[in-house]
Every structure is written in C-alpha cells, then in structure tokens.
Amino acid sequence: MKRIKLLTIIVLVLVVSAFTVKGVISKTDKGYKVGDMATDFKLMNIDEKTVSMSDFEDAKGFIIVFTCNTCPYAVMYEDRIEALNRKYASKGYPVIAIMPNSITKKPGDNLDAMKMRAKEKGFTFPYLIDKDQSIYPQYGATKTPHTYILEKTDKGNVVRYIGAIDNNYKDESKVTKKYAEDAIDALLKGEPVPKAKTKAIGCSIKA
Amino acid sequence: MKYLILILLVAFTCCKGDQKNKKNYTKEVEKVSLSEKRSKLIELDIRNFDQLEELLNKEDNKVHIVNFWATWCGPCVKELPHFEEIYANYKDSNVEVLLVSLDFPSKYEKSLKPFLIKHNIQSQVVVLDDPDMDTWLPKVDTDWDGAIPVTLIYSKTKRELYKQTFTYGELEDKLKQFLN
Chain A
1 MKRIKLLTII
11 VLVLVVSAFT
21 VKGVISKTDK
31 GYKVGDMATD
41 FKLMNIDEKT
51 VSMSDFEDAK
61 GFIIVFTCNT
71 CPYAVMYEDR
81 IEALNRKYAS
91 KGYPVIAIMP
101 NSITKKPGDN
111 LDAMKMRAKE
121 KGFTFPYLID
131 KDQSIYPQYG
141 ATKTPHTYIL
151 EKTDKGNVVR
161 YIGAIDNNYK
171 DESKVTKKYA
181 EDAIDALLKG
191 EPVPKAKTKA
201 IGCSIKA
Chain B
1001 MKYLILILLV
1011 AFTCCKGDQK
1021 NKKNYTKEVE
1031 KVSLSEKRSK
1041 LIELDIRNFD
1051 QLEELLNKED
1061 NKVHIVNFWA
1071 TWCGPCVKEL
1081 PHFEEIYANY
1091 KDSNVEVLLV
1101 SLDFPSKYEK
1111 SLKPFLIKHN
1121 IQSQVVVLDD
1131 PDMDTWLPKV
1141 DTDWDGAIPV
1151 TLIYSKTKRE
1161 LYKQTFTYGE
1171 LEDKLKQFLN
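Chains as they are written, first to last, in my numbering: chain A, 1 to 207; chain B, 1001 to 1180.
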C-alpha cells in the first residue's frame, strides 16, 4: 500500500514537472503566430497609470511595439514609431509601446529613464513597462524593436503582422517597403495583409 | 560614392600617418608599431550581405565560427574574449573565427576601430552594413529571429545557429561537436 502511494506521488511529480517544463518552453520559444489571439495586458505607463488594450473602446486594432531606450536599433526607429501613431491612431490603430527589458540588467530602461526619453522625443503613445516580464514571452518577442499588429475582432485581438516596421533601420529616406503601414492599410480596407511576417534585426530582450 | 569617400579617407589617413612617421622616425619602436597597428586597422572590411555571404558558406575542411556582434551590445562584448580564446587555442586545428560587426557607419571611427585596437582582436573582423534585414537575415539561418548576439557554427557537413551567449566552456563544447 505504501509502495503504491509512493508510486502515485512519483508519477504525479513527473507529470506536473513535465507540464511545467513544457509550459516554460512554449512560453519563451514559441509566442504568437499570425492568426493567433493576443492576450490583453495591464501595464504601467510612464504617467504611472495602467494601460490595457480594452481601454481603447473605439480602436479597430493596435500597433504593439516592444522597444526600449538603450538599443540603438530601437532608438533609430523612435521617430518612425511616433509617426505611425500620428498617422494611424486617428484611423483606429494606435501605437502601444512596451519596454520588455529587465531594469536590473538595463538600468537605462527604468521607468524614470523611459519618462525622460518620452518627454525628449515627445511620444504621443503610451510607453509601458513589462515590469514582471510576463507579457513579452507570451507574444514571443525576442528583441527590440519587435512589432505586432493586431486586429480587434468580436473574439479578441488577432495577430495580423509580426516583424519589422520597414526595410531600412538605418536610413528612413531609403525605405522601399513599409511593412507595418502596408499591413494596417490592408486591414483598414478589409484586405489580407500583403506580407504578414518579416525578419527584423534588434537587441535581444534582457531577461 | 560611399566607397570613394572611404578610399579617400584611408588614403588621407595613410599619408598623414606616413608624414608623421617620417618626422618622428627617430622615436622608439613602440610608437611605430602602434601607428602600424592603427593604419592596419584603418582598413575595415566593410561588406553588404552579398559580399558577406561567401564567408558564411565556405566549402573547405575547416570549422567556421561566425559571431554577430556590435561594440554597443553588452552581452556581445562580454562573450567576445571567449571567441578570441577559442581562436587562439584552435586556429591550428582547422578552426576559423569570424566576427561580424553590426556597428553603424557613424561609429566606425569613434567606437569600432578603438575597440579593435584596445582589445587587440586577432580573429578576422568584417563589418556588415546592409539595412535590408528581411532579405538577409533568413539567408544566415531561417531560424534566426534577428536578435543579437547570435553565433553560427558550420562545417561542410553540419550547420547550427546558437541564439544564446557563450561561456568559454559552452563554446568549446559546441565546437567539439563539429571537430569529430
């Protein structure tokens, strides 16, 4: 009898740990694919109020950008992220920027630094901090900047685009493909996104 | 046009260096070797992806370790000495190390060259200047999401991308899987 009890416990432990390990892997390695339903979040903004996608009642979708202060690639895209918000927020696609880095590893990305950067650059979009680092793994973001375009549907926010904002991080004047804009323009017209996934270079998110 | 400027810059810097050397030719050997080092490093090997691609697909009998890094990338700089050490210890065992810098052109003079000089980097360094990332990232490896640091190890028969940072031991372990 004792033996059976012990066996049951061992089996239980094994099963539970197997699930846990699997959970962790799928969290960090997989993330969302185009077509998946994206989770909402409740994260601290630079004005120290929390922001969720559900706060935007009139939105048709969202431009979620995982970005930060300290990555040069992210910095090179700051003005273009702001431009996206100015162009598309009024059309129903506001930008929500999320800073995913550990602030122990990257003190230059702490909330005060984020506030300062937003003020300097005149960001008109929410700039949130993923303080528990719980949101970016669900999305599958691996770097800054990393862009997700979501379309609001009756069932939730569907991922319609993942990748880069455009095809030239270095020189905006030499951009020939505006992936993010093309995706939103298509969604606004009710058409399929022409290129739903692109590769973007960036700085690995510091966990 | 970019190349023309670069050539002019190199030419100018060389001449300037020469004149300096002529003036100071009586000075100690130390100074000469330093200026030699500098002029050697003036010639950064700057490539677009098409020009880099051959270095990622060599069909020789060597094992190639290719690390993508930048001077501004903290974790990259931290692991760089391990690549140098691997190169020092394995260069006679048919192992080559290629450090692909993703530093931006505006930082070549200010950051990259001083870094290479200061740390006396011995591995081959090339600079990749190609902003069309969606085109070239998958050509390095379809599995690469674009985050750096990242390391590619390949031989004629095996090719693996490592989306991680390395300690010396970890890097050596991976390398040994290619050396059998």
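Quick caveat, the hints were computed from the structure, so don't treat them as lab data. The reader is advised that the hints may include incorrect statements.
[As the list claims (entries may be wrong)] Below, simulated DSS-like cross-link-like pairs (lysine-lysine); rule was C-alpha separation at most 30 Å, straight line:
no., chain 1, residue 1, chain 2, residue 2
1, B, 1113, A, 170
2, B, 1078, A, 177
3, A, 105, B, 1118
4, A, 199, B, 1139
5, A, 206, B, 1118
6, A, 30, B, 1176
7, B, 1113, A, 105
8, B, 1174, B, 1156
9, A, 178, A, 155
10, B, 1176, A, 170
11, B, 1058, A, 199
12, A, 177, B, 1163
13, B, 1156, A, 121
14, A, 199, B, 1118
15, A, 189, A, 105
16, A, 33, B, 1163
17, B, 1163, A, 178
18, B, 1078, A, 170
19, B, 1107, A, 30
20, B, 1158, A, 199
21, A, 33, A, 131
22, A, 105, A, 170
23, A, 170, B, 1058
24, B, 1158, A, 152
25, A, 119, B, 1110
26, B, 1163, A, 197
27, B, 1110, A, 170
28, A, 105, B, 1107
29, A, 33, A, 195
30, A, 206, B, 1113
31, A, 177, B, 1107
32, A, 199, B, 1163
33, A, 119, A, 178
34, A, 115, A, 195
35, A, 131, B, 1078
36, A, 206, B, 1156
37, A, 115, B, 1158
38, A, 91, A, 119
39, B, 1163, A, 195
40, A, 206, B, 1110
Predicted, not measured: the structure shown is a model, and the values here were computed from it.
Consistency of the hints with the structure:
1. This hinted pair checks out: residue 1113 of chain B and residue 170 of chain A have alpha carbons roughly 20 Å apart, not beyond 30 Å.
2. Taking the CA atoms of residue 1078 of chain B and residue 177 of chain A, the gap is near 35 Å; set against the 30 Å cutoff, the hint is violated.
3. Proposed proximity of residue 105 of chain A and residue 1118 of chain B is supported: the alpha carbons are some 25 Å apart, at most 30 Å.
4. Taking the CA atoms of residue 199 of chain A and residue 1139 of chain B, the gap is near 11 Å; set against the 30 Å cutoff, the hint holds.
5. Of the pairs offered as hints, the one joining residue 206 of chain A and residue 1118 of chain B holds, with about 27 Å between alpha carbons and a cut-off of 30 Å not exceeded.
6. Of the supplied pair hints, the one linking residue 30 of chain A and residue 1176 of chain B holds, its CA atoms being roughly 29 Å apart against a limit of 30 Å.
7. With a C-alpha separation of about 26 Å, the suggested pairing of residue 1113 of chain B with residue 105 of chain A holds against the 30 Å cut-off.
8. Our distance criterion of 30 Å between C-alpha atoms is met by residue 1174 of chain B and residue 1156 of chain B, whose separation comes to about 16 Å.
9. With a C-alpha separation of about 28 Å, the suggested pair residue 178 of chain A and residue 155 of chain A falls inside the 30 Å cut-off, and the hint holds.
10. For a cut-off of 30 Å, the pair hint linking residue 1176 of chain B to residue 170 of chain A is broken: about 38 Å separates their Cα positions.
11. Our distance criterion of 30 Å between C-alpha atoms is met by residue 1058 of chain B and residue 199 of chain A, whose separation comes to about 24 Å.
12. At roughly 27 Å between alpha-carbon atoms, residue 177 of chain A and residue 1163 of chain B fall within 30 Å of each other, so this suggested pair holds.
13. Taking the CA atoms of residue 1156 of chain B and residue 121 of chain A, the gap is about 49 Å. The hint is violated against a cut of 30 Å.
14. As the CA atoms of residue 199 of chain A and residue 1118 of chain B are separated by approximately 33 Å, the hinted pair breaks the 30 Å bound.
15. For the hint pairing residue 189 of chain A with residue 105 of chain A, the CA-to-CA distance comes to about 42 Å; that exceeds 30 Å, so the pair is violated.
16. Note on residue 33 of chain A and residue 1163 of chain B: the hinted pairing holds, with a Cα-Cα distance of about 19 Å set against a maximum of 30 Å.
17. Restraint check for residue 1163 of chain B and residue 178 of chain A: satisfied, since their Cα atoms lie roughly 27 Å apart, inside the 30 Å limit.
18. At roughly 25 Å between alpha-carbon atoms, residue 1078 of chain B and residue 170 of chain A fall within 30 Å of each other, so this suggested pair holds.
19. At most 30 Å may separate the alpha-carbon atoms for a hinted pair to count; residue 1107 of chain B and residue 30 of chain A exceed this at roughly 35 Å.
20. Note on residue 1158 of chain B and residue 199 of chain A: the hinted pairing holds, with a Cα-Cα distance of about 24 Å set against a maximum of 30 Å.
21. Distance check on the hinted pair: residue 33 of chain A and residue 131 of chain A sit about 24 Å apart at the alpha-carbon level, within 30 Å; holds.
22. Of the supplied pair hints, the one linking residue 105 of chain A and residue 170 of chain A holds, its CA atoms being roughly 26 Å apart against a limit of 30 Å.
23. For the hint pairing residue 170 of chain A with residue 1058 of chain B, the CA-to-CA distance comes to about 29 Å; that is within 30 Å, so the pair holds.
24. With a CA separation close to 44 Å, the supplied pair residue 1158 of chain B and residue 152 of chain A exceeds the 30 Å bound.
25. Proximity of residue 119 of chain A to residue 1110 of chain B is assessed by CA-CA distance (about 28 Å); at most 30 Å being required, the pair is judged to hold.
26. A hinted pair counts as satisfied when its Cα atoms are at most 30 Å apart, and residue 1163 of chain B with residue 197 of chain A qualifies at roughly 20 Å.
27. Distance restraint check for residue 1110 of chain B and residue 170 of chain A: the Cα-Cα separation of roughly 17 Å lies within the 30 Å cut-off, and the hinted pair is therefore satisfied.
28. For the given pair, residue 105 of chain A sits about 24 Å from residue 1107 of chain B by alpha-carbon distance, which is consistent with the 30 Å threshold.
29. Our distance criterion of 30 Å between C-alpha atoms is met by residue 33 of chain A and residue 195 of chain A, whose separation comes to about 13 Å.
30. Distance hint between residue 206 of chain A and residue 1113 of chain B is fulfilled; the C-alpha atoms sit about 27 Å from each other, no more than 30 Å.
31. A distance of roughly 26 Å separates the Cα atoms of residue 177 of chain A and residue 1107 of chain B; the hinted pair therefore holds under the 30 Å criterion.
32. The straight-line distance between the Cα atoms of residue 199 of chain A and residue 1163 of chain B is roughly 15 Å, inside the 30 Å bound, and the hint therefore holds.
33. Of the pairs offered as hints, the one joining residue 119 of chain A and residue 178 of chain A holds, with about 26 Å between alpha carbons and a cut-off of 30 Å not exceeded.
34. Note on residue 115 of chain A and residue 195 of chain A: the hinted pairing is violated, with a Cα-Cα distance of about 34 Å set against a maximum of 30 Å.
35. A threshold of 30 Å between alpha carbons decides the hint, and for residue 131 of chain A with residue 1078 of chain B the separation of about 25 Å falls inside it, so the pair holds.
36. Between residue 206 of chain A and residue 1156 of chain B the CA atoms are separated by roughly 34 Å; this puts the pair beyond 30 Å, and the hint is violated.
37. Straight-line distance between C-alpha atoms of residue 115 of chain A and residue 1158 of chain B comes to about 47 Å, which puts the hinted pair past the 30 Å bound.
38. Annotation: proposed proximity of residue 91 of chain A to residue 119 of chain A holds, straight-line Cα distance about 24 Å (limit 30 Å).
39. This hinted pair checks out: residue 1163 of chain B and residue 195 of chain A have alpha carbons roughly 25 Å apart, not beyond 30 Å.
40. As the CA atoms of residue 206 of chain A and residue 1110 of chain B are separated by approximately 26 Å, the hinted pair is consistent with the 30 Å bound.
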